[in-house]
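Using the sequences and the hints given, assemble the complete structure.
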Amino acid sequence: MLEAAPDVGAGTSKANTALLHTGFDAKPGTLESRLVRRGYELLSSYAPQSGIPLERTGALLVAWSPEQRAAFPAIIAKAHANGYTPIRQVEVEELYRREPQLGSGAHGALEVPDEGIVCPFTTPLAFATEAVLGGCELRRNTRVTGVERLNPGFRLQTTTGPLSARFLVNAAGLWSDELDRLAGHDEFTITPRRGELIVFDKLSRPLLKHIVLAVPTETTKGVLVSPTVFGNLILGPTAENVERKDDTSSTAHGLAYLRAEGERVLPELVRHEVTAIYVGLRAATEHSDYQLRIHEREGYVCVGGIRSTGLTASLAIAEHVREGLGRAGLRLEPKEPGPRRPVVMPNIGELSPRPYEQGGRIVCFCERVTLQEIEDALYSTIPPVDLDGLRRRTRVLMGRCQGFYCGARVAALLRGGSG
Amino acid sequence: MTDVLVIGGGPAGLACAIELRRRGISDVVVIDRESRAGGIPRHCAHQGFGVRDLHRMLSGPSYARRYVELARRAGVDVRVEAMVTGWSSAGLPEVTSPEGREHLRAAAIVLATGCRERPRPARLVPGSRPEGVFTTGLLQQLVELQSPAIGTRAVIVGAEHVSFSALLTLAHAGVEVAGMATTLAWHQSVPGAGAVARLRYRVPVWTRTELTEIRGLPRVEEVEVRDLDGGRTRAVPCDTVVFTGDWIPDHELAVLAGLELDPGTRGPRIDAALRTSRKGFFAAGNLLQGAEPADVAALSGRHAAAAVTRWLNEGDPWPTPVRIVCSAPLQWISPNAVDGTGLPPRGHFALRSSAFLRRPTLEIRQDGALLWRGRLRRLVPGRSGHVPATWLARVNLGGGGISVSAGNLH
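So the protein lines, in turn, are chains Y and B.
The numbers in our numbering rise by one with no breaks, and the one at position 339 of the first sequence is 400.
The numbers in our numbering rise by one with no breaks, and the one at position 217 of the second sequence is 220.
Note that these hints are calculated values from the structure, not bench results.
Every residue gets a Cβ at the ideal spot worked out from N, C-alpha and C, and that includes glycine.
Check before you lean on any hint, since a few could be wrong.
To be verified - Some chain Y residues close to chain B (C-beta under 10 Å, calculated; not the full set):
id	residue
1	I259
2	G315
3	L316
4	D449
5	A469
As the list claims (entries may be wrong) - Stretch-level coverage of chain B by chain Y, calculated; a stretch enters the list once three of its residues show a Cβ under 8 Å from a Cβ in chain Y:
id	segment
6	79-91
7	130-138
8	381-390
Now the structure itself:
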């Protein structure tokens, strides 16, 4: 497993809305629709076994005008076509009874009771950890610079030396189109689409119970307000095409737009302090479906153009790829007999008890992260190499003070000092 | 059961605990989440601590050590590495420490959780998210731990007292400072601070200047600043950005305890005796408002001890005070409620303005009737002006809210 960045899951995987999608609003008949639905089932059972925080909050898709409400029957029909039937209409009175802090002027909502939220940090980390424990070699800071097709197999040039393989899976995210071309194909182009998100202080969390979605338009699913598994509320994302695949900068106009939307949807929200602002780049292509292609004869699989539903669909995508590689001749057998033992990630979500609730030396006060958790992360299977990596594994520095109290000590711990 | 649990072992919490012991309260516990008590001054290497409360001039670390020593000598039980993370369903403080988890019982609780600087995200500064973006508090600790994270050329955001303290810290660490940017028309520190920065450290204070973007990855490469008058922007190369001041009370435990907050200070609403809206809960120090100097915070802690003692010994009724509200450009007044004729800490009210006001005329009214009118010499944003408490006797405790406004504004 080659990773160009210093860490796994450090690109779009970590910077998205972290929703667990039912796929009710996917385009019926697409591969995305099928894989999101299957991925939802797989991740829903994998997450609790693996210590990945997941909460089924339910979503309310709110109409803010009669025109938006008029779109409800089509959205319901689409959900049914996607095999999702629990969707139902909620009238104005019930809506405000269930979400009393919602801004005025709603014209009703659609309830999607199975939508949820999932941890975007431990999910990819659990997968990677399981792979490494299963014998997979992980090379970080390794970018593929050339692909030579052998017969059969591939010879890769990388920034850390050459490598040969019989089968090749391209899961290079924003760069999957470029790697696809290196592998001799040219089927799609990724235009990174920037999504800015604002994380609000944990004290805002009681304002909302559900994910509040907007009625989608042709181009975007709109701005949502959602709880996070860490106990915050997030507001976003924006949607803006950008030139560069590393341009994860927030913008003054994006933040102003989000705050205006927030003021309308949940007025009390914008009176709370902002804890963090982050930006993710969606791997958007000129096509309306995932660019998931299995080239059986070559033994090459391209997993490109995976958009905002990728976190939910991840395990189904893996299953799909494994079946494809099987057809291409890859034999996979369990290393040990008996049922697979899942990895268990340390819990960083609010729904289950956290280590500090048993006692310990709390280092990060805002997020209640103990010294033991930090040390465990530093000695884990895939240890962090920078503060961001440590943050994703423990929540350290993720809180409202942004390191005012513990930043220097945490940096020293990462460097190997006593702090 | 503990008599008094003081949450927060900074100057306010320790001074309160010491005074409680002096007043004969037997079982006083101070709980602090850091590995050493003493609060923010622990990391402020410069001089100037202890003038108003201890009548001497100390460095921050000496001042912090001295308070811990005084508390120990006074028989205060100071527990470190212990954090109150919330309140149990029975309303008891839930404490996490290396010894485990416990619910403490106390007859009275003093919240002295202090304040912190608002970091970059809270100020909505757009751009990339690189390394090299700090608050003064973080910067001071990085310097103390000789961290390699400190860069070579910095921009300071803000020009209040603490911003100049960040300047000194950077200068001592050998970091060049490109400039200090403030959106206001003047710096907010003592007269002459700007001249010292310019002449002694060759650091310009860019007034009416806003930081509009941070650029660079993985480290800061430059910032964009905008001239608020001309509207022009320019890029300033630097690898470090320090966000200073813009203090906010650390009010999480106060909110979780259900205490009413004052919209101006964002700290708990308190009367002159530093009682909060909840029976048995007191508050002191910079949790009340961000931020006063450490010695002023300590004196507020000492002040709170009087009412805590009365509450324990005499079972004072918990009053429903009359609230005080400020109108713009006044930001807040502290204390922000009145319960009777008892004087506030240091005998006066502290008043803040969001604008520079020269010789403002203040009016304090209740139900339209004038309680007090008077003039202050000036008000500087981020620094407290003092309003006398002579009008307290005229307050109708059964009447409506009290308002404070500033007239003849220039």
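message: So, against the hints stated earlier in the document, which numbers end up violated here?
response: Result: hint 8 breaks, nothing else.
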